[in-house]
Amino acid sequence: MKCSQCHTDNAADSLFCGKCGAVLASNASVEGQATDVKPPSNPATRLRHTVMEILEGEPSQPLSKYVEWLITVVVLVNCSAVILDSVPEIHADYKDFFHELEFWSVMFFTLEYVLRVWSLGAKHSDSAWRGRRGYIFSPFGLVDFFATMPYYMHVFFPTLDLRILRVLRLLRILKLSKYNSALQDLFSAVYSERRAFGSAAFLLLIATIVSASLMHFAEGHAQPEQFGTIPHAIYWAIVTITSGYGNIEPVTKGGEVVALLTGFLGVCMAAIMTGIVASAFANQLSRKKSAYQAQLRQVLADGVVSDAERDTLKRLQAQFRLSDKEVQTMLDQAQGKLKQ
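Here the sequence shown stands for residues 1025 to 1364, where the numbers follow the working numbering.
One thing to keep in mind: the hints can contain errors.
Below, simulated SDA-like cross-link-like pairs (lysine to any residue); rule was C-alpha separation at most 25 Å, straight line [claimed, not checked]:
1) LYS1089 with ILE1262
2) LYS1313 with VAL1281
3) LYS1202 with LYS1119
4) LYS1119 with LEU1139
5) LYS1313 with GLN1341
6) LYS1202 with ALA1105
Since the hints were derived computationally from the structure, they do not count as laboratory data.
All chains, full assembly: derive it from the sequences and hints.
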């Protein structure tokens, strides 16, 4: 389904555009077309459909919120254990506890992954593999899969470096991005402002090369090991512009002047990048609110809110991470405009 605003291709069953947040007209229509799943006709299909709704966080399923919190707690506890286990003293005292916690955590994540693959077969009535394939090869599906891999890798390959396994286990924190749109909003915001980021990156490149060249000219003879070549000086320029602090200091008057100018350029670049990111996030939130308001006006147009329409609004509210207060404000505004 192609978005009418940014012309991005989206999945056929998406309610809104993954890039700009706009509601996809045909899928967000409130006549119950948000999904192509037919009402379950037998107990097994009903169970699979219910499990899918719970794991996918459907507003119509009260248990979905508790499952979301349970998974979040398990992930946080597990990541905290991995961090503490890297301390030799703590590892020596609680080695068995950490091992048991890792085992049961992997069993929990494995069960979650299997249930998701099994239940998502009910997402599309025409093909069970269609829904499963969409999850397995999605970013969230890959994160869920690799969340269990460190344990099984250690079982089958016990000689693997434990530090590598710790890093892989800490990637489980990415599972939380499924329940918080921060990362998605970041990527969408960066993509929507890609031209501005490209311009800022170009300015950063110019500032780096000019600063490195000037420092090579000013300090190359005094510190040949640090500034003897422009590539060596580029390292200093990047560190100075991005963080403002490095372990290399100029020793000549000309080098000090170049360092001051480079530090000033770093402050300017930080201000530019901060402004772009802040503007991108604000625009992303505005697009989501506009999309929800458009759907809200469509729902209220006939004066009757059906169950399908209510479910669609709840789904959009959860997807856009809008608070009840924000929704109530938009509802009051929409009703006020209809009365005029």
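A quick look at each hint next to the structure:
1. LYS1089 with ILE1262: 45 Å, violated
2. LYS1313 with VAL1281: Given that 25 Å is the threshold and the Cα spacing comes to 49 Å, the pair is violated.
3. LYS1202 with LYS1119: With Cα atoms ~31 Å apart, LYS1202 and LYS1119 exceed 25 Å; violated.
4. LYS1119 with LEU1139: Judged against 25 Å, a Cα distance of about 30 Å means the pair is violated.
5. LYS1313 with GLN1341: 9 Å, holds
6. LYS1202 with ALA1105: 21 Å, holds
Checked against the numbered hints listed earlier, the structure breaks hints 1, 2, 3, 4; every other hint is satisfied.
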